[in-house]
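Visitor: Protein sequence lines correspond, in order, to chains A and B. Residues in the first sequence are numbered from 1 upward in steps of one, following the working numbering. Residues in the second sequence are numbered from 1 upward in steps of one, following the working numbering.
Accuracy of the hints is not assured; some may be wrong.
Claimed, not checked - Anything over 10 Å on all C-beta distances counts as not near chain A; from chain B, calculated:
| id | residue |
| --- | --- |
| 1 | Arg2 |
| 2 | Gln27 |
| 3 | Asn102 |
Said to hold, decoys possible - No more than 30 Å apart at the CA atoms, straight line, and that leaves these computed lysine-lysine pairs for BS3-like:
| id | chain 1 | residue 1 | chain 2 | residue 2 |
| --- | --- | --- | --- | --- |
| 4 | A | Lys56 | B | Lys158 |
| 5 | B | Lys47 | A | Lys187 |
| 6 | B | Lys158 | B | Lys47 |
Said to hold, decoys possible - Quick look at which bits of chain B chain A covers, simulated, 3 or more residues with Cβ under 8 Å:
| id | stretch |
| --- | --- |
| 7 | 11 to 24 |
| 8 | 52 to 59 |
| 9 | 77 to 91 |
| 10 | 137 to 147 |
| 11 | 150 to 162 |
Don't read these hints as lab results, they were simulated from the structure. Since the structure is predicted, the reported quantities are computational estimates derived from the model, not experimental observations. All residues carry an ideal CB built from backbone N, CA and C; glycine is no exception.
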Amino acid sequence: MYELYMAATLVEKIFSRRCGHPVRAGDVIMAPVDCAMIHDITGPLAVQKFREMGGKRVFDPEKIVLLFDHQIPADSLPAAENHVFMRRFAVEQDIHNLDIKEGICHQVVMERGRAAPGEIVVGADSHTCMYGAAGAFSTGIGSTDMGFVLKFGALYFRVPTTIRLEIDGTFGPRVGPKDLILAIAGKIGADGANYQALEFTGGTIETMEMAGRMTCCNMAVEMGAKVGIVPPDGITWEYLRARRPVNPFSLSSDRDAAFTSVHRFDAERLSPKVAVPHNVDQVVDVEKVEGTPIDQVFIGSCTNGRFEDLREAAEVLGNRSFHDSVRVLVIPASRLEYLKALRAGLIEQFVAAGALVEAPCCGPCMGGAFGLLAPGEVSLSTSNRNFRGRQGSAESQVYLCSPATAAASAIRGEITDPREV
Amino acid sequence: MRTWKFGDNIDTDAIIPGRYLVIYDPQTLASHAFEGTRNEFASEVRKGDIIVAGRNFGCGSSREHAPLALSGAGVRFIVARSFARIFYRNAINVGLLPVVCNDADRIPDGSPLSVNPKEGYIESGGIRYPIEPVPAFLQEIVDAGGLVEYARSLPEVKTCTGSQ
Numbered sequence: 001m002y003e004l005y006m007a008a009t010l011v012e013k014i015f016s017r018r019c020g021h022p023v024r025a026g027d028v029i030m031a032p033v034d035c036a037m038i039h040d041i042t043g044p045l046a047v048q049k050f051r052e053m054g055g056k057r058v059f060d061p062e063k064i065v066l067l068f069d070h071q072i073p074a075d076s077l078p079a080a081e082n083h084v085f086m087r088r089f090a091v092e093q094d095i096h097n098l099d100i101k102e103g104i105c106h107q108v109v110m111e112r113g114r115a116a117p118g119e120i121v122v123g124a125d126s127h128t129c130m131y132g133a134a135g136a137f138s139t140g141i142g143s144t145d146m147g148f149v150l151k152f153g154a155l156y157f158r159v160p161t162t163i164r165l166e167i168d169g170t171f172g173p174r175v176g177p178k179d180l181i182l183a184i185a186g187k188i189g190a191d192g193a194n195y196q197a198l199e200f201t202g203g204t205i206e207t208m209e210m211a212g213r214m215t216c217c218n219m220a221v222e223m224g225a226k227v228g229i230v231p232p233d234g235i236t237w238e239y240l241r242a243r244r245p246v247n248p249f250s251l252s253s254d255r256d257a258a259f260t261s262v263h264r265f266d267a268e269r270l271s272p273k274v275a276v277p278h279n280v281d282q283v284v285d286v287e288k289v290e291g292t293p294i295d296q297v298f299i300g301s302c303t304n305g306r307f308e309d310l311r312e313a314a315e316v317l318g319n320r321s322f323h324d325s326v327r328v329l330v331i332p333a334s335r336l337e338y339l340k341a342l343r344a345g346l347i348e349q350f351v352a353a354g355a356l357v358e359a360p361c362c363g364p365c366m367g368g369a370f371g372l373l374a375p376g377e378v379s380l381s382t383s384n385r386n387f388r389g390r391q392g393s394a395e396s397q398v399y400l401c402s403p404a405t406a407a408a409s410a411i412r413g414e415i416t417d418p419r420e421v
Numbered sequence: 001m002r003t004w005k006f007g008d009n010i011d012t013d014a015i016i017p018g019r020y021l022v023i024y025d026p027q028t029l030a031s032h033a034f035e036g037t038r039n040e041f042a043s044e045v046r047k048g049d050i051i052v053a054g055r056n057f058g059c060g061s062s063r064e065h066a067p068l069a070l071s072g073a074g075v076r077f078i079v080a081r082s083f084a085r086i087f088y089r090n091a092i093n094v095g096l097l098p099v100v101c102n103d104a105d106r107i108p109d110g111s112p113l114s115v116n117p118k119e120g121y122i123e124s125g126g127i128r129y130p131i132e133p134v135p136a137f138l139q140e141i142v143d144a145g146g147l148v149e150y151a152r153s154l155p156e157v158k159t160c161t162g163s164q
């Protein structure tokens, strides 16, 4: 491993290791890409740009994850045509196409072990910042940048500075990772981490399962961050060992590395949080919005569609039913998460309570497939964005919360503190 | 030519709603730009108009449909106090110039504005406001007219090179 003689951040170490010489925050570097993810929405434009750049063969078909998750099964003729376009590209380039079968891109990259400590991963989707939960530097890029990656297997990066988050303490009852990341977004602000890395450390993170770490890293982009990253530890390596050959090594920021700022959070003192319309950093304690009537509840997405999230919602639900006035959509993040929930009896529990359980995909968070909101309607959602019009009409409203708060509110038909049901 | 003034945190869902992401043609995308949030934009925007905004313009989704919709509408410059990272890169890649100006808030809606990136200022109502230069590595892409044109001229890339 390359030796660094000055204190360095985790992200600086990743770029330095990968390049074989010391790289510091602020440096601009053409770095090799270990994995590139494309999907049905941003993929067609990336392929078009790849060809306009004179691309004939992709840099390495083995390093490309290709799947469809935003508009599946094809919900319109243009979507169907985009799928066919991408299928032909996959055949032409010998890329293994996961098609519509596996689930949301970010969950699939993680569960297939396609991002690992020290690697540099890009995806043509902003929530690619999530794979920092596996100790990778991973970031979302646009389609033209992806066209460049498909051709050259590399991309220009400005190595980001790092904001360090130190989180300690045990969560109270029915408070968890989503409440934490909403609290962090509320404090850092929608552009408070712009161009930077957000590093999650402290006792709360060290004992957190991978699912919770993914929830936290997923929402780093909501503060403008390039990546949300957790220093790899035993939990990371154990997760990866089940998915690919691993050779664990240590990788973390030096104590005296130059962080832009350090923020401390006490998990014990957190109460359930809700982001109110129309910005992710408009975060309040659930008590402030209790009683707000809701029309639709969405439990799913790359942020909160894993088995652990569905289990959290099911525990709140028990053997009760969802309120008559609320439409409840439950969408597991992937086929494998769906199977886990199915085998644990959670799917039956949701269906019996009155939910619609849909096949793994982005669902209403895509804002164009299904589950759209009419003018005046209100959604409570475990996803990551509550921008105006995100889930349909610009005259609708989206509130964001944890799976526990979503389940409790779906039972009552209004925003509800999950500790009260 | 006029300016279109926007506030802080204009997200890419506002620039082009998710239901239009099956479209890739800039002109068609332009006909839906800011649909639902500023409905008059698509019908009244003219070639050469300039968008002026506050902080964090283009936050959210990485959809390149957003800068494409604006370039399809004839916009060449977006002046803002700051840009979200992915949008900034996407804009440059498709030949749209994001201009960082700390005084963007002082430029009134509808006013004429001249943008002089080479000289490093914008001018409105007889007042010149300084703008930040584009980072050197991106200036090469700007000069080429976008990343496609830049990439076409590259036979290959040498990794792990760059500037410090």
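Visitor: For each hint, tell me whether it holds in the structure or not.
Guide: Hints, verified against the model:
Even its closest Cβ contact with chain A, about 23 Å, leaves Arg2/B beyond 10 Å, as expected for a residue assigned away from the interface. Against chain A, the non-interface label of Gln27/B holds: every CB pair exceeds 10 Å, the least being about 15 Å. For Asn102/B, the shortest C-beta to C-beta distance to chain A comes to about 14 Å, beyond the 10 Å cut-off, and the non-interface label holds. Annotation: proposed proximity of Lys56/A to Lys158/B holds, straight-line Cα distance about 19 Å (limit 30 Å).
Straight-line distance between C-alpha atoms of Lys47/B and Lys187/A comes to about 40 Å, which puts the hinted pair past the 30 Å bound. With a CA separation close to 39 Å, the supplied pair Lys158/B and Lys47/B exceeds the 30 Å bound. With 11 residues having a Cβ less than 8 Å from any Cβ of chain A, the stretch 11 to 24 of chain B passes the three-residue criterion, so the hint holds. Beta-carbon proximity to chain A at under 8 Å applies to 3 residues in the stretch 52 to 59 of chain B; the threshold of 3 is reached and the given coverage holds.
Under the rule that three or more residues need a Cβ within less than 8 Å of chain A, the assignment of the stretch 77 to 91 of chain B holds, with 6 such residues. Counting residues of the stretch 137 to 147 of chain B whose beta carbon lies closer than 8 Å to any beta carbon of chain A gives 3, which meets the minimum of three for the stated coverage. Check on the stretch 150 to 162 of chain B: 10 of its residues sit with their Cβ under 8 Å from a Cβ of chain A, so the three-residue criterion for coverage holds.
Of the numbered hints listed earlier, those contradicted by the structure are 5 and 6.
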